[in-house]
Structures are given as C-alpha cells and as structure tokens.
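Protein chains in written order, with the working numbering: chain D, 1 to 97; chain Y, 1 to 281.
It should be emphasised that the hints constitute simulated quantities derived from the structure, not laboratory data. Any given hint might turn out to be false.
Between beta-carbon pairs, the in silico distance windows are [what the hints assert, rightly or not]: (1) Y/33 x D/26: 26 to 32 Å; (2) Y/125 x D/30: 19 to 25 Å; (3) Y/135 x D/20: 32 to 38 Å.
Partner residues aside, some chain D positions facing chain Y, computed with beta carbon under 7 Å [said to hold, decoys possible]: (4) 1; (5) 3; (6) 4; (7) 11; (8) 12; (9) 14; (10) 15; (11) 16; (12) 26; (13) 35; (14) 38; (15) 39; (16) 43; (17) 46.
Taking lysine-lysine pairs in the DSS-like style, the calculated list, with each CA pair at most 27 Å apart, reads [as the list claims (entries may be wrong)]: (18) Y/122 x D/52; (19) Y/192 x D/81; (20) D/81 x D/49; (21) Y/192 x Y/154; (22) D/91 x Y/46; (23) Y/192 x Y/164; (24) Y/154 x D/92; (25) Y/40 x D/81; (26) Y/7 x D/81; (27) Y/178 x Y/7; (28) D/49 x Y/122; (29) D/49 x D/92; (30) Y/192 x D/53; (31) D/53 x Y/46; (32) Y/86 x D/91; (33) D/52 x D/92.
Yeah, the Cβ is synthetic: ideal placement off N, Cα and C, and Gly gets one too.
Okay, here's what each chain looks like letter by letter:
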Amino acid sequence: MAVQQVHSQGIFHGLPTYPDDLQGLTAIVTGANGISGYYMLRVLAQAPKRWKKVYCLSRRPPLIEGGLPSNAEHIACDFLKEPGEIAEVLKKNGIVA
Amino acid sequence: MLQTGAKHYGLHLGLIKQPSQEWDPLINIEPNFYFYQEEKLSAYCKTNSVGYDVVMPSSILGAVPDAAMNAAFPLAVYCAVHAYLKRPLEYPGSVSSWQMPQCMSSSMLNAYLEEWAVLAPKAGNQRFNAVDDSLFTWEAAWPLVAGWYGLEWKGPVEDPAAYKERQLPHNPRGYGDKGTVQVRAPMAEWAKRDDVKAAWKEISQQYGLRGNGELQDVDRVFSFLDGSLNRPAPILLTTDKARKLGWHGYVDSVESFLEVFDDFAKIKMIPPVPKVRVQFL
Numbered sequence: 001m002a003v004q005q006v007h008s009q010g011i012f013h014g015l016p017t018y019p020d021d022l023q024g025l026t027a028i029v030t031g032a033n034g035i036s037g038y039y040m041l042r043v044l045a046q047a048p049k050r051w052k053k054v055y056c057l058s059r060r061p062p063l064i065e066g067g068l069p070s071n072a073e074h075i076a077c078d079f080l081k082e083p084g085e086i087a088e089v090l091k092k093n094g095i096v097a
Numbered sequence: 001m002l003q004t005g006a007k008h009y010g011l012h013l014g015l016i017k018q019p020s021q022e023w024d025p026l027i028n029i030e031p032n033f034y035f036y037q038e039e040k041l042s043a044y045c046k047t048n049s050v051g052y053d054v055v056m057p058s059s060i061l062g063a064v065p066d067a068a069m070n071a072a073f074p075l076a077v078y079c080a081v082h083a084y085l086k087r088p089l090e091y092p093g094s095v096s097s098w099q100m101p102q103c104m105s106s107s108m109l110n111a112y113l114e115e116w117a118v119l120a121p122k123a124g125n126q127r128f129n130a131v132d133d134s135l136f137t138w139e140a141a142w143p144l145v146a147g148w149y150g151l152e153w154k155g156p157v158e159d160p161a162a163y164k165e166r167q168l169p170h171n172p173r174g175y176g177d178k179g180t181v182q183v184r185a186p187m188a189e190w191a192k193r194d195d196v197k198a199a200w201k202e203i204s205q206q207y208g209l210r211g212n213g214e215l216q217d218v219d220r221v222f223s224f225l226d227g228s229l230n231r232p233a234p235i236l237l238t239t240d241k242a243r244k245l246g247w248h249g250y251v252d253s254v255e256s257f258l259e260v261f262d263d264f265a266k267i268k269m270i271p272p273v274p275k276v277r278v279q280f281l
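If we strip away everything but chain D, and leave its shape as in the complex, we get (with noise of 0.2 Å):
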C-alpha cells in the first residue's frame, strides 16, 4: 500500500511533500517578472533548505514587495540576444543549475 503525505497551503490543497534530506538544489527561473516566473519563484522561495539557490533570469528585476528573496538572486539576461552572449552572462555570474 503506497501512502503519501499531502499539505494544505492558504487556498492550495493537496500538494507534494518532499524528503527532509531533499536539500541544497539550484535552480534557474526565466522571466520572474512573468505570470508564470513570478509564481515559480514564491514556490520555491517557500523552501530555502530544499532551494538553497533561485537563479532569476529576465532583463528586469522581479518587483516584489519587500525585495526578493533571501534564497534568490536576479541577473539580467535578455533572451532575445545571441545564444554565445547569453553564454558569456551564464559563465561571468558563476551560474550551475
């Protein structure tokens, strides 16, 4: 018998729990000023142990309330400019997801 253990967060119900020992992951969040990458990073700025480092990527810094973040970092990219430039950005601010 498989058993899973679920949480409730504010309105969200039903949602994954992950392993204590789940920690010290990066990860790299395009377009944080969207609709969609705003939202990627309140999720995953809800678990600093388990995303010990967020990567925002977009040419604006995220506007949040209070600033981002303890577990994030924004770098400007503009994803319209050549893949090599993009590279260059990656690389100069160290970034490994």
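Knowing the structure of chain D, use the given hints to seat chain Y on it.
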C-alpha cells in the same frame, strides 16, 4: 522544465478532441513554436543525459503588472467599473458559452506542479497538463464574482439576433463542422467607451492606481478575456497522468480568482475588492 500551454492542443485553431490528454497527436495545421521548443529541448537533453518535463497550463490566473495573456485583470477592471457606475454585472457571452466548462490554471498551483515534476522520480521526461482540477463555468462563477462587488448580475442575452457569429478557421478534431463563436459585446469595445474611460480615470485617481488613469493596450488585454467569456467549446485538460504519478494539487478556481484580484489590488493595478458577499463551497 519547459512551460508551454493548452495551445499545444490546437484550441486556438478550432474545435479539438475532448478532453485534452498529454498523448494526443500534435496538431500541425499551423506552425506551433511549442513543438519547436520541445524538439530543441529534447535533443539537448538527450545529448547531455539530463531529463526534462513539459507542463501545459490552460488560462493562467496570476497577478503581475504585465502579461501577454491575462484573463483576470480585464475581468477585475470590468467589475470595478460596474461597481463604480453602480450597474449590474452583465455577462457579455452567449447562452452556450455561459455553461461551457473550462479549466483554469492558477499560476501558483502551476508552479507547485512544476516543482513536483522536476523532483518526483517518476515524473521525468513527461508532458503534464496543469490545471486547478476545479470544474469551472461562468454560470457558476459569475454570480459569485458579482457578489464580491455587491452587484446584481445578468446572465446571457437569449436573443440570437443580438450576436455576430464567426466561424473558427480550422477543424483540428478532423470531423464534424467547424465551430462558431457568437459575440455580442466585445470587451475591447466596452473598454473604449467614454463612460468606462471616465470611470476608470476617477477610480485610478481615487485609489492611486498605476497607469495614469488610462487602460493600456486595450485591444490586446481585453480581447484575451473574450476568449474565455465567448467560448465555442469546452477547455478540458485531464489530470489522470499526473495524479497516477502522485500529484494531487487542487485549488477552487473561483477562490483563486479572488486571491488574484486581491494581489492585483496590492500592486495597485485595480482598486481594493470590496468583498461584499464572499462565499465558496
């Protein structure tokens, strides 16, 4: 994690197979950049021995200052102006659209699903639909939304002569008639009315809203809402696949709409929601 969307299923082209399931054949009537993105990502991942997922939301509910496609913002403006002008909240769509079931995809829930898809061992290298798992029609939601603003509401106008009919361009499902859309009162036209513009200017001043009292990009922003209010066919994305793999996320889509409206008010894009009558199941 690549997020594409329900246009993967071709719902923007015409009537599609119901419901939309992740294994449905790709619709290639017109080029679709989602398919191109998936191809590139798949090839990259194969070369680099890394997994990927594709997540496909339907109509995204979220509050940000600028979004290419946002149904909640124009609806909130519609409500706020009707409250200001003390007019009943009139549903502009047809009788059939009033009852049309359509999945909503709250952005917060989509993000929870995407985190899960990346972390759950069995969820790798899959496509997943992302929806609230909450049955939604305007018939059920409209009266509740009107209640938040303390407004009476009016359902669809029944006289067919009041509607302009437009045939959909293609027939992705490959059988039967091409669908038609009935439109009585396009939202973009509503937003350009003098009384509406004047009301919004007043409201903006009163509440210190962004945008200098003027609605921006009216055609783009308001016509997107038409796509939801004037639905020719259901939008049904199944959650069978994700559920079997252990995803059980859920939100009441109407509750989600209210939270998004509140979030819009917090970032000064709409006035505060009066919340005169708030009730959820």
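To see whether the hints hold, each was checked on the structure:
1. Y/33 x D/26: 26 to 32 Å: holds, 28 Å
2. Y/125 x D/30: 19 to 25 Å: Cβ of residue 125 of chain Y to Cβ of residue 30 of chain D: about 20 Å, so the range 19 to 25 Å holds.
3. Y/135 x D/20: 32 to 38 Å: holds, 35 Å
4. 1: violated, 14 Å
5. 3: Interface hint status for residue 3 of chain D: violated (11 Å vs cutoff 7 Å).
6. 4: Residue 4 of chain D check passes; min Cβ-Cβ to chain Y is 6 Å, inside 7 Å.
7. 11: holds, 5 Å
8. 12: OK, holds: residue 12 of chain D within 7 Å of chain Y, min 5 Å.
9. 14: Because about 4 Å separates residue 14 of chain D from the closest Cβ in chain Y, which is inside the 7 Å limit, the hint holds.
10. 15: holds, 5 Å
11. 16: holds, 5 Å
12. 26: violated, 12 Å
13. 35: holds, 4 Å
14. 38: holds, 5 Å
15. 39: holds, 4 Å
16. 43: holds, 4 Å
17. 46: violated, 9 Å
18. Y/122 x D/52: With Cα atoms ~23 Å apart, residue 122 of chain Y and residue 52 of chain D stay inside 27 Å; holds.
19. Y/192 x D/81: violated, 36 Å
20. D/81 x D/49: violated, 33 Å
21. Y/192 x Y/154: Holds, at roughly 21 Å.
22. D/91 x Y/46: holds, 22 Å
23. Y/192 x Y/164: Holds - the C-alpha atoms of residue 164 of chain Y and residue 192 of chain Y are around 19 Å apart, at most 27 Å.
24. Y/154 x D/92: Not satisfied, since the Cα-Cα distance of roughly 58 Å exceeds 27 Å.
25. Y/40 x D/81: Given that 27 Å is the threshold and the Cα spacing comes to 18 Å, the pair holds.
26. Y/7 x D/81: Holds, at roughly 26 Å.
27. Y/178 x Y/7: Since the Cα atoms of residue 178 of chain Y and residue 7 of chain Y sit roughly 17 Å apart, the hinted pair holds (cutoff 27 Å).
28. D/49 x Y/122: holds, 23 Å
29. D/49 x D/92: holds, 26 Å
30. Y/192 x D/53: violated, 45 Å
31. D/53 x Y/46: Between residue 53 of chain D and residue 46 of chain Y the Cα gap is close to 26 Å, so the pair holds against 27 Å.
32. Y/86 x D/91: With Cα atoms ~57 Å apart, residue 86 of chain Y and residue 91 of chain D exceed 27 Å; violated.
33. D/52 x D/92: Status holds; Cα separation ~20 Å.
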